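Asks: Chain C is already provided as a structure; the job is to place chain F on it using the hints.
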Amino acid sequence: MIARRAVFPDAKVRDLLQRFVPAADEVGRLQRGKDPESLLFQKVAEQGHYAGRSVPTSTRQGLYATTADGRLLASINHNDPTRVAAMLEKALAAWDALPETERGAQAGWDGTTQRQRLEGRYPQEGLVLRVTTRDLPRPGAAGAAQRDGWRAKAWNLDYAWFRSPEAAAFVPAARTLGATRALEGPTLDRLTRVTLVDNVRGQTYPAPKESLERARLTTTVTASEGTRLTLVLEGEARWEQSGTWHIGGQSPPTPTKRGFEGRLLGSATWDTETQRFVAFELLAIGTRWGATQYNGRHDDLDANPIGYLFELASDAPHEHIVPAGFWEYGW
Amino acid sequence: MRRITAALIVLSAWAGSSHADESTQAPVLTLETYAALQAAIAPSPSECVWREIGWLPTFGDAVAEARRDGKPIFLWAMNGHPLACV
Numbered sequence: 001m002i003a004r005r006a007v008f009p010d011a012k013v014r015d016l017l018q019r020f021v022p023a024a025d026e027v028g029r030l031q032r033g034k035d036p037e038s039l040l041f042q043k044v045a046e047q048g049h050y051a052g053r054s055v056p057t058s059t060r061q062g063l064y065a066t067t068a069d070g071r072l073l074a075s076i077n078h079n080d081p082t083r084v085a086a087m088l089e090k091a092l093a094a095w096d097a098l099p100e101t102e103r104g105a106q107a108g109w110d111g112t113t114q115r116q117r118l119e120g121r122y123p124q125e126g127l128v129l130r131v132t133t134r135d136l137p138r139p140g141a142a143g144a145a146q147r148d149g150w151r152a153k154a155w156n157l158d159y160a161w162f163r164s165p166e167a168a169a170f171v172p173a174a175r176t177l178g179a180t181r182a183l184e185g186p187t188l189d190r191l192t193r194v195t196l197v198d199n200v201r202g203q204t205y206p207a208p209k210e211s212l213e214r215a216r217l218t219t220t221v222t223a224s225e226g227t228r229l230t231l232v233l234e235g236e237a238r239w240e241q242s243g244t245w246h247i248g249g250q251s252p253p254t255p256t257k258r259g260f261e262g263r264l265l266g267s268a269t270w271d272t273e274t275q276r277f278v279a280f281e282l283l284a285i286g287t288r289w290g291a292t293q294y295n296g297r298h299d300d301l302d303a304n305p306i307g308y309l310f311e312l313a314s315d316a317p318h319e320h321i322v323p324a325g326f327w328e329y330g331w
Numbered sequence: 001m002r003r004i005t006a007a008l009i010v011l012s013a014w015a016g017s018s019h020a021d022e023s024t025q026a027p028v029l030t031l032e033t034y035a036a037l038q039a040a041i042a043p044s045p046s047e048c049v050w051r052e053i054g055w056l057p058t059f060g061d062a063v064a065e066a067r068r069d070g071k072p073i074f075l076w077a078m079n080g081h082p083l084a085c086v
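Chains C and F, in that order, give the protein sequences. For the first sequence, this note's numbering gives the first residue as 1, with consecutive numbering after it. For the second sequence, this note's numbering gives the first residue as 1, with consecutive numbering after it.
Derived from the structure by calculation, the hints contain no laboratory data. Treat the numbers as computed from the prediction; the structure is a model and nothing was measured. Some hints here could point you the wrong way.
[Unchecked claim] 27 Å max Cα-Cα, derived DSS-like pairs, lysine-lysine:
1. Lys71(F) - Lys90(C)
2. Lys34(C) - Lys71(F)
3. Lys12(C) - Lys153(C)
4. Lys257(C) - Lys153(C)
5. Lys90(C) - Lys12(C)
6. Lys71(F) - Lys257(C)
7. Lys209(C) - Lys257(C)
8. Lys153(C) - Lys71(F)
9. Lys153(C) - Lys209(C)
[Stated by the list, open to error] So the derived list for chain C, only partly shown, Cβ under 8 Å to chain F, looks like this:
10. Ala11
11. Arg14
12. Asp25
13. Asp110
14. Leu118
15. Glu119
16. Gly202
For glycine and all other residues, C-beta sits at the position ideal for the given N, C-alpha and C.
Next comes chain F alone, as it looks inside the complex:
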């Protein structure tokens, strides 16, 4: 989180400086700005905790494993796949 926060501060400065594209106010992507922009977008470890649960990607996969292991199923069902684009 600290890494991303730091990068966002840097990017905030860019967005209002000569580094910004005046027509769009977007930071300009160059070799020099690449690392900070990458850090600003990449999820922090704390943002990815939900992905650490051993999710199976389909209901059917869970049915097969539950039958094999004698366990109940927990299903998270959403519009859009909960593990990707919701």
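Pulled out of the complex, with its shape left as it was, chain C reads as follows:
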């Protein structure tokens, strides 16, 4: 998360990256998988900064420069842009020294065959929402403490996917002004307990089904012009889960509760001809509490304000990212 604000805005890093094909990926699957893509990553990583490491963890997180067939050019795991720029320069020097025939353009896996990726389930004809999560200001002394350090700047991203029938389930059957529809089933589930979780400072888990105490989202037709229907979305959600988590990262397991309670409000425009949303914006504002192992809340367990912004995602490659709670989708 720190690299987003510390490394990639750096002018020298960005200039050096012009000579590379830049990609980002989730490391867990790559470092454990047995498919060609994972095996190629493992070949790269085992030449890099964490090669052979198993203590304190076996993670292979980091920044890697490589040829297409897995010859490591340089690697590092650091958030200092000066050090990252030096790593990129080292990689380019190694690349420039390689004969054309050893740059991997023809050797090894081609990047497309035998792919085992959930990205293949991207709902091209459905609805893809980008979800931004951020803490909201706190009053009094808590507010002053919140404004110190990186916590004040923390925010995170996720995505929510809906197939075409699920997207259509937002729209009232009648197209008349005032017509309403109450969302239910997987669509409502996905918007609430799967997505309204506390990932502001780091990733966490979807809330389990049994933790959902209240969930409601109603859409109402407020305008109709040609093929465009304007909808207002309004609702609420509350979930709470009791559990035992290593809330300080590697700390002993601690029994605690986590949860969210809040309201939802937004608007969207549905095109009846294409059967797709052409505009969509929804806010969820409320309170979160508790912590899990990796979401950085070990020192912030009390109930405090949080906000979520759901917006239409673009179709750009960098927005084709599998939702963090995808395994709850049942697809």
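Replies: Structure of chain F alone, referenced to chain C:
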């Protein structure tokens, strides 16, 4: 950034005023508060600079493009997808 800062100031005032839900101290979401809350959550342009790099979303995509274009690959690999929820 100025837009968000202004909204946060407004929200700070709300959080300690009658607009706040006393049980949770969260701002209350209404049509009147919507715009300021939206602005407080939405990332500013300066916060999104890292997304402007032409990232491909998978290692495999980069392998295919690197082979086609004759370039080296730069891979950012993290727990959680670096372009989304980390």
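Asks: Decide, hint by hint, whether the structure agrees.
Replies: These are the hints, each one checked on the structure:
no., hint, verdict
1, Lys71(F) - Lys90(C), "15 Å, holds"
2, Lys34(C) - Lys71(F), "26 Å, holds"
3, Lys12(C) - Lys153(C), "23 Å, holds"
4, Lys257(C) - Lys153(C), "25 Å, holds"
5, Lys90(C) - Lys12(C), "14 Å, holds"
6, Lys71(F) - Lys257(C), "49 Å, violated"
7, Lys209(C) - Lys257(C), "15 Å, holds"
8, Lys153(C) - Lys71(F), "35 Å, violated"
9, Lys153(C) - Lys209(C), "31 Å, violated"
10, Ala11, "10 Å, violated"
11, Arg14, "7 Å, holds"
12, Asp25, "5 Å, holds"
13, Asp110, "6 Å, holds"
14, Leu118, "10 Å, violated"
15, Glu119, "6 Å, holds"
16, Gly202, "7 Å, holds"
Violated hints, listed in ascending order, are 6, 8, 9, 10 and 14; each of the other numbered hints is respected by the structure.
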